[in-house]
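Chemist: Here is how the chains run, residue by residue.
Protein chains: 2
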Amino acid sequence: MKIAVDAMGGDYAPGVCIEGAAQALYDFPDIELVIVGHEKKLAYYLERYGIARHSRISVVHAETVVEMREPSTTSIRGKKDSSITVCAKLLKEGKVDAMASPGHTGAIVAATKVLVRTLPGVDRAALITSLPNINGRFLQIDAGANTDCTPLNLVQFALMAEVFASCLMNIESPRIGLLSVGGEAGKGNDLTKETYKILSQMPINFVGNVEGNTIFEGAADILVSDGFSGNVLLKTSEGLAKLLIHWLKEVLSRNPVRVTGAILAKNAFKELKMYGDASEFGGAPLLGLNGICIIGHGSSNPKAVRNAIRVAAECHNLKLNEKIVQRLQECQPFLQQLK
Amino acid sequence: MKIAVDAMGGDYAPGVCIEGAAQALYDFPDIELVIVGHEKKLAYYLERYGIARHSRISVVHAETVVEMREPSTTSIRGKKDSSITVCAKLLKEGKVDAMASPGHTGAIVAATKVLVRTLPGVDRAALITSLPNINGRFLQIDAGANTDCTPLNLVQFALMAEVFASCLMNIESPRIGLLSVGGEAGKGNDLTKETYKILSQMPINFVGNVEGNTIFEGAADILVSDGFSGNVLLKTSEGLAKLLIHWLKEVLSRNPVRVTGAILAKNAFKELKMYGDASEFGGAPLLGLNGICIIGHGSSNPKAVRNAIRVAAECHNLKLNEKIVQRLQECQPFLQQLK
Numbered sequence: 564m565k566i567a568v569d570a571m572g573g574d575y576a577p578g579v580c581i582e583g584a585a586q587a588l589y590d591f592p593d594i595e596l597v598i599v600g601h602e603k604k605l606a607y608y609l610e611r612y613g614i615a616r617h618s619r620i621s622v623v624h625a626e627t628v629v630e631m632r633e634p635s636t637t638s639i640r641g642k643k644d645s646s647i648t649v650c651a652k653l654l655k656e657g658k659v660d661a662m663a664s665p666g667h668t669g670a671i672v673a674a675t676k677v678l679v680r681t682l683p684g685v686d687r688a689a690l691i692t693s694l695p696n697i698n699g700r701f702l703q704i705d706a707g708a709n710t711d712c713t714p715l716n717l718v719q720f721a722l723m724a725e726v727f728a729s730c731l732m733n734i735e736s737p738r739i740g741l742l743s744v745g746g747e748a749g750k751g752n753d754l755t756k757e758t759y760k761i762l763s764q765m766p767i768n769f770v771g772n773v774e775g776n777t778i779f780e781g782a783a784d785i786l787v788s789d790g791f792s793g794n795v796l797l798k799t800s801e802g803l804a805k806l807l808i809h810w811l812k813e814v815l816s817r818n819p820v821r822v823t824g825a826i827l828a829k830n831a832f833k834e835l836k837m838y839g840d841a842s843e844f845g846g847a848p849l850l851g852l853n854g855i856c857i858i859g860h861g862s863s864n865p866k867a868v869r870n871a872i873r874v875a876a877e878c879h880n881l882k883l884n885e886k887i888v889q890r891l892q893e894c895q896p897f898l899q900q901l902k
Numbered sequence: 564m565k566i567a568v569d570a571m572g573g574d575y576a577p578g579v580c581i582e583g584a585a586q587a588l589y590d591f592p593d594i595e596l597v598i599v600g601h602e603k604k605l606a607y608y609l610e611r612y613g614i615a616r617h618s619r620i621s622v623v624h625a626e627t628v629v630e631m632r633e634p635s636t637t638s639i640r641g642k643k644d645s646s647i648t649v650c651a652k653l654l655k656e657g658k659v660d661a662m663a664s665p666g667h668t669g670a671i672v673a674a675t676k677v678l679v680r681t682l683p684g685v686d687r688a689a690l691i692t693s694l695p696n697i698n699g700r701f702l703q704i705d706a707g708a709n710t711d712c713t714p715l716n717l718v719q720f721a722l723m724a725e726v727f728a729s730c731l732m733n734i735e736s737p738r739i740g741l742l743s744v745g746g747e748a749g750k751g752n753d754l755t756k757e758t759y760k761i762l763s764q765m766p767i768n769f770v771g772n773v774e775g776n777t778i779f780e781g782a783a784d785i786l787v788s789d790g791f792s793g794n795v796l797l798k799t800s801e802g803l804a805k806l807l808i809h810w811l812k813e814v815l816s817r818n819p820v821r822v823t824g825a826i827l828a829k830n831a832f833k834e835l836k837m838y839g840d841a842s843e844f845g846g847a848p849l850l851g852l853n854g855i856c857i858i859g860h861g862s863s864n865p866k867a868v869r870n871a872i873r874v875a876a877e878c879h880n881l882k883l884n885e886k887i888v889q890r891l892q893e894c895q896p897f898l899q900q901l902k
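Protein chains in written order, with the working numbering: chain X, 564 to 902; chain S, 564 to 902.
Chain X with its partners taken away, still in its complex shape (with noise of 0.2 Å):
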């Protein structure tokens, strides 16, 4: 199995994209790797990680970046030669098996959507994620690619995620609720009402509307939602937290007393950090593409890299694209209602 690796995405490029890289192929003897990006700015980086002559890598060479501040049509007007662009390209010829990319969300959905295109039977593909709650993670779907989305999309998600949740999350029967403003099915947008009618039809095990709090209570396995509001969700959890770890620092600085406790403590607020830490999970598949892509935070290290490549391979090896449209197309009669 080969997998492309935009080696130039994200803020540590390329450095933290080889050394995830080399961490693969020490753990993942399956595995061969196509590292995309600029050959002298990569040369350095697989000497320092011992893997320039590694048997199952070859690298790519792709002129340029696109950087975080430009717009997602960068990759398929302005920087057709981008390290996005030639990953996407060779996924598309066939060449790789997968990709992975920690860079520009905007750009790979872009690039992918022109040059990969979707599924049989799926409208957009969206960005699976994963959050913590108190029983441990909730999958979040479409953390987002698309931000303004119909109902048809929204229940082609929920599918999507049901497929992705049982057959590598292995969650029997995940229960997939609604982002919404309230609990009560009629609470909501227009976009929700509409989705909420067709998702309580459905042979899943839809559980409702969902809202921002009690997710993290643990009220579904998978939440559905808009792209926009999506987002929304995942930046202000990020945003939160920070403030918090922030207010947490201050307040126990403030004096010697504290301080004291706070050393004594100091293994608690280890952890603490652990249960949020996202390098496990590796990536936000792309779900709903004719191929497999996996997209890193741009702030992935080198275990969210390394994780992000299992990630494309358990894709690959579990078959889940055939799932998506197998399901997909089990479920026809109740899509055909939206179209």
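Simulated from the structure, these hints should not be mistaken for lab results. Errors might be hidden in some of the hints.
Since the list gives no way to pick one copy over another, a pair counts as held whenever it fits inside one copy or between any two copies.
Below, simulated BS3-like cross-link-like pairs (lysine-lysine); rule was C-alpha separation at most 27 Å, straight line [stated by the list, open to error]:
| id | residue 1 | residue 2 |
| --- | --- | --- |
| 1 | K805 | K829 |
| 2 | K604 | K760 |
| 3 | K643 | K756 |
| 4 | K565 | K886 |
| 5 | K886 | K604 |
| 6 | K805 | K603 |
| 7 | K829 | K658 |
| 8 | K833 | K805 |
| 9 | K902 | K805 |
| 10 | K812 | K836 |
| 11 | K833 | K812 |
| 12 | K902 | K603 |
| 13 | K866 | K658 |
| 14 | K833 | K866 |
| 15 | K833 | K886 |
Chain X is already provided as a structure; the job is to place chain S on it using the hints.
Modeler: Below, chain S without anything else, positioned relative to chain X:
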């Protein structure tokens, strides 16, 4: 000045409401209160908090209560004798200058929409609330009154919040941000892209798109959004803060050394809790209504009820509504583009 208090609203009614009303009577000698609720149920608490025969209090009977699980339209269809509906009628008829209720938000929005109507030039009333950030607090509008919005609604919300911030919070030229999924101008959904265009032309301190994470770093004084994504942000913050506190307790109680550390630092944790305390703010004013209406959190404590009454009085005294009408008139040429 007369303020109607819905004593039947919220999780701990009517005790908490009447205790809060008693505090307000004591603290604000200019305020007269009209306590609305089931007379027999109120009597015990009015005696208990020593205000049964207070010279600045009167009681208006309301036979029923809109329960939290009931639909929003209950206040204008099923239960026209509910405490919320009675308050809204008193406000409509000019028998009170303002109302405050920690009851069913949707039901209050519906009742005031039908009975009290909006100010001249305002299409929709919106809930404004306050959340903590690294520097202090920021205002958020709409916190959940309107689940589907137009760009015109959002621009009006921005202007109403601007008046509120300068008038009640003494923030001169408040920085107005638009909730979106990326900082750049082109990022967002159809609604925010269109709203961005207008806001960026207007004579306001518009700081552009703000994300769910950067808002907690102090990116803006006012965060404008539709009521759906605004409510997602609000409830996600609540839910995640609860989860982090839960985790903190868990990791700190795991062994005797940590417990000792936690005891030494216990005042730090008390302070941490205060950072998130919303009872100082009191309640969320429903801006744009042709009357003053403050909606408290369902779990309001007496201090929050007292402060909701305080905010209602301030809005009245500072002629907030007159100033909103005036500001919207000044900006008419910009709003006209969206009609």
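Chemist: Which hints, by number, does the structure contradict?
Modeler: 2, 5, 6, 7, 9, 12 and 15
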